[in-house]
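**Student:** Here the protein sequences line up with chains A and B, keeping their order.
Note that the first sequence ends on residue 429 in my numbering; no numbers are left out.
Note that the second sequence ends on residue 399 in my numbering; no numbers are left out.
Please note that the accuracy of each hint is not assured.
To be verified - What follows is a set of in silico ranges between Cβ atoms, one per label pair, in the way DEER data are often shown: (1) A:261 with B:188: 25 to 33 Å; (2) A:261 with B:149: 42 to 50 Å; (3) B:313 with A:381: 51 to 59 Å; (4) A:199 with B:219: 43 to 51 Å; (5) A:385 with B:155: 47 to 55 Å; (6) A:160 with B:193: 42 to 50 Å; (7) B:235 with A:52: 24 to 32 Å; (8) B:359 with A:52: 24 to 32 Å; (9) A:260 with B:149: 37 to 45 Å; (10) B:305 with A:23: 23 to 31 Å; (11) A:261 with B:235: 36 to 44 Å; (12) B:241 with A:164: 28 to 36 Å.
Stated by the list, open to error - Derived, one-sided and incomplete: chain A residues facing chain B with beta-carbon distance under 7 Å: (13) 50; (14) 74; (15) 285; (16) 304; (17) 313; (18) 315; (19) 378.
Since the hints were made in silico from the structure, they are not lab data.
For each residue, glycine too, the CB sits at the ideal point set by N, CA and C.
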Amino acid sequence: MFVRLVYESFRRQKRRKLLAGAAIAFGVSVATAMIGVATDVGDKINRELRSYGANLVVNPQEDSLDVEIAGVNVKPPSDGAYLSEADLPKIKGMFWRNNIVGFAPVLPVNVAVNESSTKNTALVGTYFSRQLHFGTDNFVTGVRATYRWWRVQGSWPDDDSRDVLVGERLAQSLGQKTGGKVTINGQSFRVTGVLSTGGAEDNEIIAPLGLAQEIVGKPGVVRRIYVSAVTKPEDAFARRDPKTLSPEMYDRWYCSPYAQSIAFQLQEAIPHSHAEQIRQVAQTEGTVLSRIEGLMLLVTLASLFASGLAVSAAMATTIFERRQEVGLMKALGAGGLSVASLFFAEAALLALLGGMVGYAGGSILAYNAGRWIFDSPITIQPVLFPLILCIAIIVTFAGSIAAIRRAVKFDPVYALRGEG
Amino acid sequence: MISTSASMRRAGAHHTSMFFRMLMRAAILRRGRAATALMAVIVAATATTAMLNLFVDVQSKLRKEFRNYGANVVVVAKEGQSIVPDVLAKTKSILAGHGVAVPFAYAVARTSNAEPLVVSGTDFDQVRKLNSWWSVTSWPKEPHAALLGVRAASAVSPQGKPFNLYFHGRPISLTPSGTVRTGAGEDSRIYLSLNDFETWTGVPPSTIEIAVSGSPQEVNATIQKLQQAVPEVEVRPVRQIMEAEGRVLGKTRATLLAASVLIIVTAALCVLATLTGRVLDRRRDFAIMKALGASQQFIGGFLAAEAAALGAVGAFIGFGLGIGIAAWIGEANFGAPAVPRLEVFPVVLTGCIIVALMSAIVPISLLRQVQPAMILKGE
Numbered sequence: 010m011f012v013r014l015v016y017e018s019f020r021r022q023k024r025r026k027l028l029a030g031a032a033i034a035f036g037v038s039v040a041t042a043m044i045g046v047a048t049d050v051g052d053k054i055n056r057e058l059r060s061y062g063a064n065l066v067v068n069p070q071e072d073s074l075d076v077e078i079a080g081v082n083v084k085p086p087s088d089g090a091y092l093s094e095a096d097l098p099k100i101k102g103m104f105w106r107n108n109i110v111g112f113a114p115v116l117p118v119n120v121a122v123n124e125s126s127t128k129n130t131a132l133v134g135t136y137f138s139r140q141l142h143f144g145t146d147n148f149v150t151g152v153r154a155t156y157r158w159w160r161v162q163g164s165w166p167d168d169d170s171r172d173v174l175v176g177e178r179l180a181q182s183l184g185q186k187t188g189g190k191v192t193i194n195g196q197s198f199r200v201t202g203v204l205s206t207g208g209a210e211d212n213e214i215i216a217p218l219g220l221a222q223e224i225v226g227k228p229g230v231v232r233r234i235y236v237s238a239v240t241k242p243e244d245a246f247a248r249r250d251p252k253t254l255s256p257e258m259y260d261r262w263y264c265s266p267y268a269q270s271i272a273f274q275l276q277e278a279i280p281h282s283h284a285e286q287i288r289q290v291a292q293t294e295g296t297v298l299s300r301i302e303g304l305m306l307l308v309t310l311a312s313l314f315a316s317g318l319a320v321s322a323a324m325a326t327t328i329f330e331r332r333q334e335v336g337l338m339k340a341l342g343a344g345g346l347s348v349a350s351l352f353f354a355e356a357a358l359l360a361l362l363g364g365m366v367g368y369a370g371g372s373i374l375a376y377n378a379g380r381w382i383f384d385s386p387i388t389i390q391p392v393l394f395p396l397i398l399c400i401a402i403i404v405t406f407a408g409s410i411a412a413i414r415r416a417v418k419f420d421p422v423y424a425l426r427g428e429g
Numbered sequence: 021m022i023s024t025s026a027s028m029r030r031a032g033a034h035h036t037s038m039f040f041r042m043l044m045r046a047a048i049l050r051r052g053r054a055a056t057a058l059m060a061v062i063v064a065a066t067a068t069t070a071m072l073n074l075f076v077d078v079q080s081k082l083r084k085e086f087r088n089y090g091a092n093v094v095v096v097a098k099e100g101q102s103i104v105p106d107v108l109a110k111t112k113s114i115l116a117g118h119g120v121a122v123p124f125a126y127a128v129a130r131t132s133n134a135e136p137l138v139v140s141g142t143d144f145d146q147v148r149k150l151n152s153w154w155s156v157t158s159w160p161k162e163p164h165a166a167l168l169g170v171r172a173a174s175a176v177s178p179q180g181k182p183f184n185l186y187f188h189g190r191p192i193s194l195t196p197s198g199t200v201r202t203g204a205g206e207d208s209r210i211y212l213s214l215n216d217f218e219t220w221t222g223v224p225p226s227t228i229e230i231a232v233s234g235s236p237q238e239v240n241a242t243i244q245k246l247q248q249a250v251p252e253v254e255v256r257p258v259r260q261i262m263e264a265e266g267r268v269l270g271k272t273r274a275t276l277l278a279a280s281v282l283i284i285v286t287a288a289l290c291v292l293a294t295l296t297g298r299v300l301d302r303r304r305d306f307a308i309m310k311a312l313g314a315s316q317q318f319i320g321g322f323l324a325a326e327a328a329a330l331g332a333v334g335a336f337i338g339f340g341l342g343i344g345i346a347a348w349i350g351e352a353n354f355g356a357p358a359v360p361r362l363e364v365f366p367v368v369l370t371g372c373i374i375v376a377l378m379s380a381i382v383p384i385s386l387l388r389q390v391q392p393a394m395i396l397k398g399e
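Same shape as in the complex, but just chain A (with noise of 0.2 Å):
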């Protein structure tokens, strides 16, 4: 009889009951959509905050003091430790391999240029956009991935080559141009490009990191390395010396994706070296990251309670109009409990229904939004399903209480009689 009485009450109110699902289902998406972006948009915004440039350095362990002023390196290019170019690959062996977006090595050398004959002019070597392999992985990178900002006009030189870019200020001052020709201690250089970075790269000369080896006569070295990763806000925690945590902390601290944890890392990747977090980027995206995702996460609270309000909404209509119904089951004897389990059920079989409609337009609805605002999709975890289905049913049965219990308490005499 109950059994009937749910299936009857869905076949004859098909319209009404497509309202009440539809609302349901319409809650339920957006509720997805913004527990999916609030769950994603830290990462995603994480990748963003990347294109402030590397966060991490990987020093020569025994490294001199650098005595440069604007990006002029004042020292014997001679002097100072370096690190094996040998070892790059290894630091996409790192446990934490894929939150490095990209590295790049450098190694400046003091030269001169064209006419002049006094080295003063800093030219500086490294990778663009270089493939490196380690064991099977392939991957490309370089200051084109680390340094977003950088702005050429006219190519990119080869890695492999012999060509260079010229700093913006510094072609000026030479009155050199792209495609033509520079001299660097005596030899002969192509200009493939004219670089516009902002900063001390304008007085520089870019050159394939070969090519500055060549110049320094140390093959296979770089002077330091220069490493953009997707951190983890730092806090107390991440504050801590990993040499006085116990073995179950130590693992937990190894395994945070940490600026500092990265950067020891790094150390133990790349021998005789010494990581540490540029403070600038690193300490700064920290704020900034946990700014955003505390408002994201206040705004999908907000729009979970909207979403709420408007299914309860829907369902209270729908049960408020069905009064009729209820003064004359309980004109048949029905007691207060029986209608209420019948509206309890039919609310539970709308919320499952508009729940799972809901869930697949809201996993949608968040991949397109993904798309169209970050370039990559969000995707909701199918583990979320059945929380979502849960919130569905919660919502649901809030929204249908107050409207339940008015229809219960309602005189069915003046129900029968339409006076309500």
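Once you have looked at the hints, place chain B on chain A.
**Tutor:** Same frame as chain A, but now just chain B:
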């Protein structure tokens, strides 16, 4: 003629007072249902106000956070020149409090072992504001106190003892006050107060680093003003900071916009459903009105006026609540309440009235088709 028009006016006045009486009575007698409808409008208006207010305000809040990345504009002396003192004064007057300007002077000095080392003179109070990421153990306060980069510290004064530096043979004795760690070039430098630095080396500042607050347009306007006011120097934007900020802010805004649209549409649908339900619920009232001779226009006007009144009252209350919620979110997340944006109010008010009116359209056309007798019979 005169009497006819007077009676018409009287009839008109009667008509209007009846109209308002019905509106008032509908609100008072059907308190429960009217309250539910009003609730829905208030909630929608609150959500909309809060989201719009946040959307407008969050940008300036986030920009303030982005200023933690430090200077977005640098003033550099042209080749072979230095910055004369009045450039800093002019820069500060152009900024007029909307940013921090910090002068830096650089020189290469030698330690007592004749090791070269970069020494910089600057204004410590301003640097503290500009570069909040500097991890400093203790800022220097007295004259001849120096802030040592962590790597420089281990080279010149590993135990924190006073040390001497030489610039072209001229010595200065300094007391380390603390160390600075940044992970970049600063770690290898020694910082002095600008005063100590200039009396020792005679080298004036060569760079002014500026953090200009505001939108990209405001920053660019400041750059132009600086270029005009002090043509003897070069003013450059720091592209690393400006471009990345633009990107991140753009994405955040877009996400917030998408969320706002979803929330506002949901709220509007909620209002639509509730108000439509409320009108359909009172079919009998309208059937009686019709049976008593009310015209279709009258009923339509009545419903529209009721909806508009609900929308307006809901918008007023919701606006107040929404401002409160936005302020709370601002306080909770950014530590400063979101500033109430009054320009949001007309948008919320019109939005609420339009949605309320829309919710009256469907029932009006439905009621038009129905014969009063059918409804009164309860069919």
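**Student:** Please list, smallest to largest, the hint numbers that this structure does not respect.
**Tutor:** 1, 2, 5 and 17
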